[in-house]
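Engineer: Could you use the hints to bring the two separately framed chains together as a complex?
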Amino acid sequence: MIVLLIRDLRLAVRSGGGFGLGLAFFLLVAVLVPLAVGPQADLHARIAAGILWLGALLSCLLSLDRIFALDHEDGSLDLLATSPIPLEGVAAVKALTHWLVTGLPLTVLAPALGVLLNLPPDGYLWLFLSLLAGTPALSVIGTFGAALTVGLKRGGLLLSLLVLPLYIPTLVFGAEVARRGAEDLAIGVPLALLLAVTMGSIALLPFASALVLRINLR
Amino acid sequence: MSIWEYANPKKFMQTSGLLLPWVTGLAAIALVVGLIWGFFFTPADYRQGATVKIIFLHVPAALMAINGWLMMLVASLIWLIRRHHVSALSAKAAAPIGMTMTLIALVTGAIWGQPMWGTWWAWDPRLTSFMILFLFYLGYIALWHAIEDPDTAADLTSVLCMVGSVFAILSRYAVLFWNQGLHQGASLSMDKTQHISNVFWFPLIVCMGGFVLLFVALLLLRTRTEIRARRLQALLLRERMA
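Residue numbers (our numbering), protein chains in the order written: chain F, 62 to 279; chain R, 92 to 333.
Looking at chain R on its own, in the form it has when it is part of the complex (with noise of 0.2 Å):
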């Protein structure tokens, strides 16, 4: 049993086909439960009072928006080396989904910010590397569209996200440098014990699970429309053959 069985299209198709609704329906429940226990059940913090609540959707957003290129990354690579399909085929899928998620980070970073900093928008390192994480993910989208034969357009993308990651990560740097931020430090690390108090930080952790349910299950819905596209268009090429 091996993980590359899945690069077969047609056991693709099965066991996503099983998983998803359990993935879709874990992360409504995650999301559903995160979100009212996080919106209606924790306090108001003491200096930002409610605002601090969009904490639930603005930093799992955030956080699926960077993985969102690192799984695309990934997938690319794994086109490149062995060739699967699949692979391609869920990388262009999530393009859309981590930029739906960069455009929420940013857009809820934005009201956050109009009462807590006084501005909409601030050229601060995190929120410029943002929206230059937002002008890859639509360089990468417009590649994918412009290309006709999805071979090429696949490997061309490919090779588009890995320089773009390299260039994307001297950006984070670059602009950290250019402006010492607003924005306050991260406050979850794997290396910290205690990050903010556990009556936000367990609802957090739902919603952050959710995201990443959420995530799983657009990408598995949006891979199956993209090889039952693919598998039409194939039919539709062998009927005019014949």
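Here chain F stands alone, though its shape is the one from the complex (with noise of 0.2 Å):
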């Protein structure tokens, strides 16, 4: 599985710009983000820790169908089916390559945009502690998705549509744990709740992204 790791986070950072698009394109949305609604920076020190939860969420969705595709098309996939590893196993390392990829760098780099929209100096910390607890959510319950369709030659669309309702949760409760934290109340039971839904999905998922797997595969 260590093996399966290091081939997988070779692949996404050599195979041409697929690992950095991510990253761009949060920095997109927060530059965006100021453009649409005004240059008021009280109001941006308000939707900061919203704004930047959102563009972390989108642009982990971006990255979501390259998870199975590539593998799925040189036929690796199926390779990876009847090797001696479970597949739920290869479903978990597929999310933490994409988490390391995506959700961690999106993580690190969120305080950095948090300058750019004004976030409020408290929030900085529970941004960043925010993300971390929830974007490696994002990227199991994005696996998930991602097996749904593997199958499909325009699953794109069809992904988001399936995944965004899926991430709801998370978002709520991050978007609220960041906002707190820039507003300087207690943030204890919105935090709780997030790690109890991403350390849930982690747990769980990919027993179910194994098991679309293995019908996509049948």
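What the hints contain is simulated information worked out from the structure, not anything from laboratory work.
It cannot be assumed that every hint is accurate.
Here are the in silico distance ranges between beta carbons for each label pair [claimed, not checked]:
#1 107/F <-> 222/R: 21 to 31 Å
#2 191/R <-> 261/F: 23 to 33 Å
#3 322/R <-> 136/F: 34 to 44 Å
#4 172/R <-> 261/F: 20 to 30 Å
#5 172/R <-> 98/F: 46 to 56 Å
#6 172/R <-> 92/F: 43 to 53 Å
#7 256/R <-> 144/F: 27 to 37 Å
Output of the computed footprint for chain R on chain F, the stretches with three or more beta carbons under 8 Å from beta carbons of chain R [to be verified]:
#8 230-238
#9 266-279
Derived, one-sided and incomplete: chain R residues facing chain F with beta-carbon distance under 10 Å [as the list claims (entries may be wrong)]:
#10 226
#11 243
#12 250
#13 254
#14 268
#15 311
The structure presented is a predicted model; accordingly, all values stated were derived computationally and were not measured.
For glycine and all other residues, C-beta sits at the position ideal for the given N, C-alpha and C.
Structural biologist: Encoded structure:
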């Protein structure tokens, strides 16, 4: 499984641009939103946490279809399915890779973009922590969506239609932690709930992804 | 005599063919009686005026929106466990009905909300969770249409329905946490004796019964259509092979 992880990481970093695209998109969202809502700094301060969460979520979504598509095209997914590693493990590793090349960089970049959006000083730590706690769930749920649409020719749009409703709980709790953090309120409850959603997804969804993959590879 | 006998498409077609006119007729009677009773023979509420009468559409539609998803979940489970095709097809048939019910609930709610709350839409937890339910229906139907092989489609949508149910419930409580609402609490529940004034209660019960029957009638009709479509496809394939 570690070999698979390293292979996928190499592929993700080397295969021309897929790695940086999500980050560039995230930057673009953070630049475009002020252009859309006007230059008032106090307005930006209020919506910064939510915008950054939404931006992170959408950047995550962009790279989802790459999780299985390339492996499916060149047949290595079939090899993985017949290999001694359980398919659940493969799904988990794929989700982990996706998080390492998308979620983690987004989490690190988000505070820097917070500067652009005039995030209040108290907010940086909680924005970082909420993304750190929430983006794994985004990757795992996204892997499930990618597994659902792996056999389809033009699954991209369908993938977002399927995955975005599933992202709602994570988004609500994550953005709530970041917002309350920025406004210096108590964050215990939403953070606990966010962690619960993340852990639950990590624990259970690889099984659903593997089930769906088996159906698709039948 | 077991319920699984109806998993046989032939048996299902026979029985549903017999039942369908009765269910349709009963649904029509219940709806006509309930709605006319509700609209014309109930007094106007002392605070809400005549707008209260939209409840006779709004509440039953909302009821069937949620129960429609529940029915899809049960049918999906039956398909995954026992692999009865009728069950998968009935889940497929239920989705557009449930989506329409969700839409009716949302639209009638908006029409009622405009004079009462002074706004068409508010980000209230109930409204938001219904909007989310609508999105789940949308994704489910889209997945059915996207996949060509019927068995794969049935499998994938079943899994999506199960995972979606969990996330729909999570979303429901997430939005409840996110915003305390404008929508009144549940006036109807099983554990209270007096719910609302009997003047409104009786026609509402008739309307709810009517909507349940309407759902069943539409579901039987659509499932029969799906079975016929599947048979037709099988015939065409056989002809092409020969």
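Engineer: Each hint should be assessed against the structure and marked as holding or not.
Structural biologist: Results of checking the hints against the structure:
Between residue 107/F and residue 222/R the CB atoms are about 23 Å apart, so this pair conforms to the stated range of 21 to 31 Å. A hinted range of 23 to 33 Å holds for the C-beta pair residue 191/R and residue 261/F, which are about 32 Å apart. With their beta carbons about 36 Å apart, residue 322/R and residue 136/F fall inside the hinted range of 34 to 44 Å. Between residue 172/R and residue 261/F the Cβ separation comes to about 23 Å, which falls inside the hinted range of 20 to 30 Å.
Look at residue 172/R against residue 98/F: about 50 Å separates their beta carbons, and that is inside 46 to 56 Å. Judged by the Cβ atoms, the range 43 to 53 Å given for residue 172/R and residue 92/F holds: they are separated by roughly 51 Å. Taking 27 to 37 Å as the suggested C-beta distance range, the pair residue 256/R and residue 144/F conforms, at roughly 32 Å. Proximity of the region 230-238 of chain F to chain R, defined as three or more residues with a beta carbon under 8 Å from a beta carbon of that chain, is established by the 4 residues found.
Coverage of the region 266-279 of chain F by chain R holds [criterion: at least 3 residues with CB-CB distance below 8 Å; count 7]. For residue 226/R, the suggested interface contact is upheld, since its CB lies about 4 Å from the closest CB of chain F, less than 10 Å. Taken as an interface hint, residue 243/R checks out: its beta carbon lies about 6 Å from the nearest beta carbon of chain F, inside 10 Å. Proximity of residue 250/R to chain F holds as hinted, the smallest CB-CB distance being about 5 Å (cut-off 10 Å).
Among the interface hints, the one on residue 254/R holds; its C-beta lies about 5 Å from the nearest C-beta in chain F, closer than the 10 Å criterion. Evaluation of the residue 268/R hint against chain F yields a held restraint, the C-beta minimum of about 7 Å falling below 10 Å. Interface hint status for residue 311/R: violated, as the beta-carbon distance to the closest one in chain F is roughly 28 Å, over 10 Å.
Of the hints listed earlier, the one the structure fails to meet is number 15.
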